[in-house]
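Start from the sequences and build out the full structure, keeping to the hints where you can.
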Amino acid sequence: MSPERIKFRLVKGVKRTASRAIGFLGGDDRLDASAEFGKLKESRRRLILDSMDAWTNGTPDISTRFHGWPNDDECWMCYVFKAREGNVGHRFYGYLCNPLPDARGFRVCVICTHARKTERASDRAELLFVKSWSQSGEALAAIRAGLFDKTEMETQTS
Amino acid sequence: MSTMTHWTAHSVDDYVYGISAGFTAQIEAKMEAEGVSRTELAKRLNKSTGRVSQVLNDPGNLSLKLTVEYAKALGMEVSVVAYDGTAPSNNGPVRPDVFVKCWENANRPADLFEAEAGKLSLDKPFEQIASYATATCVDAGKVGGINYYMHGTAVPTTPIGIIGLNDSALGLVVPDPYSGIWSGEIKMSPPIGSFENQGKWKAQALPFSGKRRGAA
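Chains as they are written, first to last, in my numbering: chain A, 1 to 158; chain B, 159 to 374.
These are computed hints drawn from the structure, not numbers from a lab. For each residue, glycine too, the CB sits at the ideal point set by N, CA and C. No false leads were slipped in.
Quick list of the computed label-pair ranges, beta carbon to beta carbon:
1. B:V174 x A:F148: 31 to 37 Å
2. B:S237 x A:R116: 36 to 42 Å
3. B:D269 x A:A141: 50 to 56 Å
4. B:D242 x A:R116: 41 to 47 Å
5. B:T163 x A:R116: 25 to 31 Å
Some residues of chain B that are not near chain A, with every Cβ distance over 10 Å (derived):
6. E192
7. E198
8. A200
9. N204
10. T207
11. L220
12. V226
13. K230
14. G243
15. E262
16. A264
17. N265
18. P267
19. E274
This is the structure we're talking about:
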């Protein structure tokens, strides 16, 4: 049996709570969020980590830092984390889901892609691409596996 | 929940950045709630919009003076809170909005006496507690028996040491045959963060208004 192509990894250093978890989806060239996150300047990386912390904490959306599109009929599951660097805005796009049907209310934010933006509005195509991953059975299996990957959690202590 | 090390635990600089960014998140949330733009905040602070954006986009190591200036400009106060570090540290420092929520849920005590008074109300007789809390009963069962199953929204209006006050509640309620008051233990559901073991209190339910399950 071939190893799974798509992988989900919890974001290193961000707390996972009883209600929320956040991680990167990878294993496909177009899923570039994890790689781009690693290239961020340290201050921007810290700001995004803090925003992720805030989200797992239950802090309501702050449009300048992280938010979803709950009123969008098509992309209601999409989510974004933002940081500005000069005139360029870093956007990390993902989607919200609950991969654990027995844990009502549990939410995972699955970060998929990174974009550099100079204009305010999000690119619709970016959201639709992320949405397509939210409907992927392969991604769902990867998320479930990643949430319970003990080895992965232990490597995060280093 | 996990064995990972929180990102703020790697260095003092990381920790300081986390505190600063947690503070600016509060500032940005307040600005958003009140429709205050960065330009407007800059005007109130007598600084340039660029300088305000610089602080909010990359908080880094904020001075206490600056935190007070920004908070005051938005009608807020600031406290620097140190607390017991023996609590689970894998999750990093408790975020400031958690402390604010606890303080608000405790009816904004101004001193330790008021904070203690809120705590003591848990020990008062049920009738007194009932005046502090109401719960809308939306479903019940076992008509003719003693216990009724209740699912509703609890809306306590004064401190009773509970978290998640506006969340849904689950619990058993018992109707008093003489007064008609429904009373019982209510447990918060879902549990909220690290407060998950503190979810029991007594409350009075408003008159039953929902569909009865298994009614005789």
